[in-house]
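Heads up: the sequence lines are chains B and R, in that order. The first sequence begins at 1 in this note's numbering and counts up one residue at a time. The second sequence begins at 1001 in this note's numbering and counts up one residue at a time.
Just to be clear, a hint being listed does not mean it is correct.
DEER-style ranges, computed between Cβ atoms [said to hold, decoys possible]:
1) B:CYS139 with R:LEU1306: 56 to 62 Å
2) R:ARG1219 with B:CYS139: 29 to 35 Å
3) R:ARG1215 with B:LYS124: 49 to 55 Å
4) R:ALA1179 with B:GLY151: 43 to 49 Å
5) R:ALA1011 with B:PRO138: 48 to 54 Å
6) R:GLY1304 with B:PRO123: 55 to 61 Å
7) R:ARG1256 with B:ALA67: 48 to 54 Å
8) B:ILE152 with R:LEU1306: 34 to 40 Å
Hints in this document: simulated from the structure, not taken from any laboratory. All C-beta atoms in this analysis are idealised placements derived from N, C-alpha and C, irrespective of residue type, glycine included.
Okay, here's what each chain looks like letter by letter:
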Amino acid sequence: MRAVIWISEETWMPCVRHAQELLPARAEVTLLHVAPSDVEELAAGGPAGLLGRRRPPRPPHERDLRAVSDAEARQILEAARDLLGRDCALAARRGRVEREVVAACADADLLVAARDGARKLGPKSLGPRARFIVDHAPCTVVLVWPEDPPGIDTIPPPPPHRGDTGH
Amino acid sequence: MSEATALVVLALSLAAAVTGSRWAPDWAVAVGGAVLLVALGVTSVTGARHALASFAPTIGFLAALLVLGDGCRRSGLFEALGSTMAIGSRGRPRRLLALVFAAAAGTTVVLSLDATVVLLTPIVFATAAGLRLSSRPHVYACSHLANTASLLLPVSNLTNLLAFHASGLSFTRFAALMALPWLAGLAIEWIVLTRAFRPELLPTSAQAPDPERSRPLPRFALAVLALTLVGFAASSLIGIAPVWVATLAALVMTARERPQLSEVVRAAQPGFLAFVLALAVIVTAASAHGLSSAVDSLLPGGSGLLALVAIAAIGAVLANLVNNLPATLIVLPVVATGGAGPVLAMLIGVNIGPNVTYVGSLATLLWRRIVHAHDETVDIAEFVRLGALTVVPALVACTVCLWLALQVV
């Protein structure tokens, strides 16, 4: 069994903890981190809007930002491996996060991912990334709550049957 | 014919600035264009000399601010801000965002939006990454506040500096009139950004940073900046031009940091100063040949609330079409005849407006897309969506606040 665990800044700890409990010992585990390249582009692209200014000499080269971002990815993956406490592969990708996560699951049997989004109940309980991953992942997806799952008493009362209204 | 020539020269200068080509630097194209306009008789030597004389004090002011900002960078101010934000955040993303708001607003107000975009944003990116937090909300906040927080002081944005000279306002009156709009702009940015990035701002499992690794804030640079602000406020009371306060501050920081002369010259960005001066000559020529009357027919008269909102909206649209620097040069002569209200409303438009297109204008945006076509595809839809969400309410709220301030102050 090949399993991928999506490591994101917001939700990596609960994902790893659930994976510890769920994954059989013989599973081949890959920890996956995806750096969103558009944030670097935003940070580095700002000076382009400053019309006529000299291109900044040293600090915000995209390469520098990428080095910062690569180092952060490595640290977070290593911290996740320590928490998981078993042999696993580390994979760092960059690009559009949801698409990279799905692409990294091409040969996987299972993906462990956390819910993102506003964490409220209802049709928008998943953010756009988790929504895309759940819809397009080519494998089984285990969807983890980042915190305690909501109790059964949080379900609102059912809406009235359509036929009941007005009669 | 003269109008067409002036407009072509203006378009070529802007194109050179947007594309940033090495073999045709923007300042050379603009200076060459301005000389050509004089040679062809589109603008007279007297007219050009008059434009140069009227913009020269602003350019001197700008040079002093650029050198002051560079001195602050040398003193390690921005790295220290990064470490102070990291420790103050205690690893909590919402706290970090509040500190980024304070740092970005403060940097923009005192050292102008250039400092926030060029010097602070990379530090904020690295600070969030160092805390293992998503840097997205924090980088967005920096990039938005570089524009929105640049309303407060004449020194916060080059557009303000140009308008300040033309408006005849004192430094303190400018700040007093813009204080309420500035606060309204910050409040709207906070509300929209914290809602848009709610998932990224929830408490995470990130570790609190190690205070041992903190870098102390450079007290000398902070003291110079504080005294500079006091000096700006006092300048109008004792009747000296604020440019001398900025010059003194730049000299003090230079004496302290002792960079080489060539580094000071580079920090002052002579090419940029020449570009702005040449652009001023070109726009003055274009204005004299019909551009002014065209803009005049577009802008409403008076300084009632609706007129101010319309001026701000037109400023915002123009700033997105051609970047806010040329937009200011084009609109300023027309609104300056209407007094302080229309000038400040235009500033609200040209300063906040560029938040719609993340690199300041559609032209730059399109050009970057062409240049980066073979790179990773960058999703700018999110920026444009967030920009539109903040710009429209901010324009309205800030202009209403300006109108209120004009009644009171």
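Going through the hints against the structure:
1. The beta-carbon spacing between CYS139 of chain B and LEU1306 of chain R, approximately 58 Å, falls within the hinted interval of 56 to 62 Å.
2. For the hinted restraint 29 to 35 Å between ARG1219 of chain R and CYS139 of chain B, the CB-CB distance of approximately 57 Å leaves it violated.
3. Checked against the hint of 49 to 55 Å, the pair ARG1215 of chain R and LYS124 of chain B fails, with Cβ atoms roughly 42 Å apart.
4. Between ALA1179 of chain R and GLY151 of chain B the C-beta distance comes to about 48 Å, which sits within the given range of 43 to 49 Å.
5. With their beta carbons about 50 Å apart, ALA1011 of chain R and PRO138 of chain B fall inside the hinted range of 48 to 54 Å.
6. Checked against the hint of 55 to 61 Å, the C-beta distance between GLY1304 of chain R and PRO123 of chain B comes to roughly 45 Å, which is inconsistent with it.
7. Taken as a hint, the range 48 to 54 Å is violated for the pair ARG1256 of chain R and ALA67 of chain B, whose Cβ atoms sit roughly 31 Å apart.
8. Between ILE152 of chain B and LEU1306 of chain R the CB atoms are about 55 Å apart, so this pair departs from the stated range of 34 to 40 Å.
When held up to the earlier numbered hints, the structure conflicts with 2, 3, 6, 7 and 8 and fits the remainder.
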